[in-house]
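Please build the complete structure, drawing on both the sequences and the hints.
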Amino acid sequence: MNKSGSRVINAIGRAVPTTVNGKPVVPYKGIGKHRPEGKKFGPRISSCADFPDNGDKRVATLQDALIKAGLKDGMTISTHHHFRNGDLIAVQIFDIAAALGIKDLVWFPSASFECHAPLIKYLEDGTIHHIEGSMNGQLGRFTSEGKMKGTGVLRSHGGRYQAVQDGEVEIDIAVIAAPTADFFGNANGVEGTAACGLLGFALVDSQYADKVIVVTDNVVPFPCVPWQIQGNYVDYVVEVAQVGLSSKIVSGTTQVTKSPDRLLIAELTASFCEQAGLIQHGFSFQAGAGGTSLSIGIYFAEILKAKGMKARFARGGSNQYLVSMLEEELVEYILDGQTFDLEGVRSMRENPRHVSTSPFTSYNYHGKGNFASMLDVVILGATEVDVNFNANVVTHSDGVLLHGIGGWQNCLFAKCTILPIPLFRDRIPVIRDEVTTICGPGELIDVIVTERGIAINPLRTDLIEKVKDSGLPVKSIQELKAEAEKICGVPARIQFEDDIVAVVKWVDGTVLDVIRKIKA
Amino acid sequence: MTHASIGKAGNDGEKDRSDCLITVELAPSGGVQVSLVSKVQALFGDSIIALGRQVADFFEIQHARITIADKGALPFVLAARLEAAIKKVMPTDKEFLLDMLPENTFPSMRDKHRFSRLYLPGNTPGLMINAGLHKPNAIILDLEDAVAHDKKDEARFLVRNALRSVDFKGAERMVRINQLPDGLEDLDVIIPHQVHVVLVPKCENARQLKLVNDRIAAIMQNNSHNQPVWLMPIVESALGVVNVFEIASSENVVAVAIGLEDYTADLGVNRTPSGTESLFARYQLVNACKAAGVQPIDSVFSDVADTDGLTQYVIQSKALGFEGMGCIHPRQIRVIHEHFAPGVQEIEYAKKVVTAFELANQQGLGVVSLGTKMIDAPVVKRAQRTIKLAIAMNKLSPNWKENTTESENV
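Protein chains in written order, with numbering that gives the first Met the number 0: chain A, 0 to 519; chain B, 0 to 409.
These are computed hints drawn from the structure, not numbers from a lab. Quick caveat: nothing in here was measured; it's all calculated off a predicted structure. One or more of the hints may lead you astray.
Said to hold, decoys possible - In silico PhoX-like links for lysine-lysine, alpha-carbon gap of 25 Å or less:
id	chain 1	residue 1	chain 2	residue 2
1	A	257	B	134
2	A	247	B	14
3	B	394	A	467
4	A	28	A	39
5	A	467	B	168
6	B	151	B	14
7	A	102	A	146
8	B	150	B	14
9	A	306	B	394
10	A	485	B	168
11	B	380	B	111
12	B	134	A	467
13	B	38	A	518
14	A	257	B	168
15	B	134	A	474
16	A	257	B	14
17	A	485	B	38
18	B	394	B	351
Below, the structure written as structure tokens:
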């Protein structure tokens, strides 16, 4: 069965459908080539006449709020992922919908986690038609096996903002879980037992959804400040006993790596940045939350300290290490998209230089610029890279969908994009002739750092020139691939069914690649 | 050796990576059946099953059930595990050998510097694969203390295969055998595969080293193998310390190491951070090694997280006259190199001495002088050694005489 109609070859050579879930889509045309015209999406006009003058928008239960919001078959329901694996609300929404006999909903989260695996039963019984967001872990495997009714749509954080702003996705009901809120719907993530730092991923939901429900376990008297979510967008406020599990909100990945091989990769990466002249007074960087990235941040701090320099800003995900750089004045501002640990939450609450941002400011490609493209250095991960520097972050080499895109695609626009990755994981080589799924075009990926050598994109003649006498182990990407295959052997090609189970959108809303059903 | 009806080899515990557990059961009929569960099934499933058949075929097995629980094991690991499991169910002298990497056939030298040697547990493949990337002077594939008693047989095959198939990136290739007499059987399996140095544990006298030398000579004769195999005995007892000079002067010995955990246990005292309880043994070992013209090598420092403690230990060790020590984690290598290597002032002084010596030679002078000071021959010898080391460690350009103005401290 082909759920997606006819296919065309897009600008990066992948066969992609022209309709997804019954709606027409635009195939990827190249970087910066798709220039849509027209106006942004406009939500319905509201009137204060429909809301209480005293500002109290509380309703008794989440079910009451969903019913008042008009929950019905086929609606698109959105949630955010600031509570990460400690989210208690998303599953409840669909428990309620299933009990009410509602069918064919679209779940539109900013990301999913293992705690959302219970939703598989609602994908099976037809309560949920498909997911547009990320499909991690068990949800990813379920999708890859072709069991989801509709086609999954994977977007970057910036792409999610773009899709809503441009009207590609119309959110019927946004449910915004908040650590703290007032009865008017002003909400933030810095206070409360489920404090998660900020609520930036839910900004677009609040601005554009038809109905907005704020759910909290910590109602404070008006005004709730800072109002990261503005109550003027909010229809209903629901108080629950517990909105999230704080122990799981703090990510388990924010530990510096102890693996000697990963430390070696981190050290080579920092050394490359130094030798290539990327670390300058007033520079800016973004490093992720993985163990290797954290170690790179620590090496950056040492280099800055030794040279008496400061970074002007770092983009978060913030964590204790970035916070200590801020407090030691090695970095002047953190422009933060999500806080990964409690130190990040504390710093955002207390330090005016630790600034809350959103996908609108940081990542949205259909805006008048964004912060990610201004970064001097960005450190990202990948599951696979091919000999043309195209990279994959969503599927593994066995073809199974396991991760979301996150801010990864958006960050590729930084001045220097570096992927520090092990050359092989157990026996699985990371550099392939062709990646299983293209998530980022190779022309935006500048450097691959592995424990066995550094490959620089031939397009970056400037970087090649800068490190040519550095003594760093610079090799061609073909040489690195050959080295891995000499050790691991040449992997077999994965066989797929023809069915498309999900599509990968580019930052401008075009279809970059597809994920096909794995062979049983 | 008695043969079981089911042979098992390898590991598939929660934390075992790059390894596999293989079960071989001979059957009366039905041919060779290979079943596989692997995390890399989609990419390498067919090639793993093919390897299973190839190994069974090599050992002339007609009928058997072979099950492979794989966690990303590389071919050299799979082959070692298959061989070990097969040898538990049937007698055979055959060996299934994968090709020797050409880069693994370089010789070593008696007086190579041996500041760091990284211990690699002989039955843990995951730690072997990238060991060379951390640039230790030597790697030690350890068959002794790091291998559980019931895993000794399978570890030999894994170590043998690692010697052939893993590129340790130029690190000297050492194997620590088991205590004699078991260690002699280890030699039979590993010696034909380009071992540079054999570590002989719990060494107490020269007689033991003669047994090792004789066994190695016999194996080499059978294999027309002619690169020297050096010995590094490890002295770990009071008696060993008493006999350390005869140990150090034995044939093929290039270095003697001290093992302080066992030594302090033998004395019945605790090993302390200050190390006063072992000072006698360390002095004695250094002195005997210098007298015999071999390298004295210090014990390992066991707290991996304590970099400052390690630094102090290395500084003290070098001051006592030791020329290297063992490492139990790659993170220790850099600290050890940094502090055993000649320092900036040491190199500058050595350059002056060597330059003055060469100038005196050119001018036909019998006496070397630096400024107003006369320089003795041993000082010149030490300076030459320092220069050689500094060049070997990239701390000095090999052309330092031509460009003395450029900065040599890379």
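Outcome of the hint check:
1. A:257 / B:134: holds (18 Å)
2. A:247 / B:14: Answer holds: residue 247 of chain A to residue 14 of chain B is near 23 Å, not above 25 Å.
3. B:394 / A:467: holds (20 Å)
4. A:28 / A:39: The given pair, whose Cα atoms are some 21 Å apart, holds under the 25 Å limit.
5. A:467 / B:168: With a Cα-Cα distance of about 22 Å, the restraint between residue 467 of chain A and residue 168 of chain B holds, given a limit of 25 Å.
6. B:151 / B:14: holds (20 Å)
7. A:102 / A:146: holds (16 Å)
8. B:150 / B:14: holds (17 Å)
9. A:306 / B:394: This hinted pair holds, its Cα atoms lying about 22 Å apart.
10. A:485 / B:168: holds (14 Å)
11. B:380 / B:111: Since the Cα atoms of residue 380 of chain B and residue 111 of chain B sit roughly 16 Å apart, the hinted pair holds (cutoff 25 Å).
12. B:134 / A:467: Measuring from Cα to Cα gives roughly 22 Å; hence the hint holds.
13. B:38 / A:518: holds (16 Å)
14. A:257 / B:168: holds (22 Å)
15. B:134 / A:474: Cα-Cα ~18 Å, so holds.
16. A:257 / B:14: Holds. Residue 257 of chain A to residue 14 of chain B sits at ~15 Å (cutoff 25 Å).
17. A:485 / B:38: holds (20 Å)
18. B:394 / B:351: At roughly 16 Å apart (the allowed maximum being 25 Å), residue 351 of chain B and residue 394 of chain B satisfy the hint.
In summary, this structure violates none of the numbered hints.
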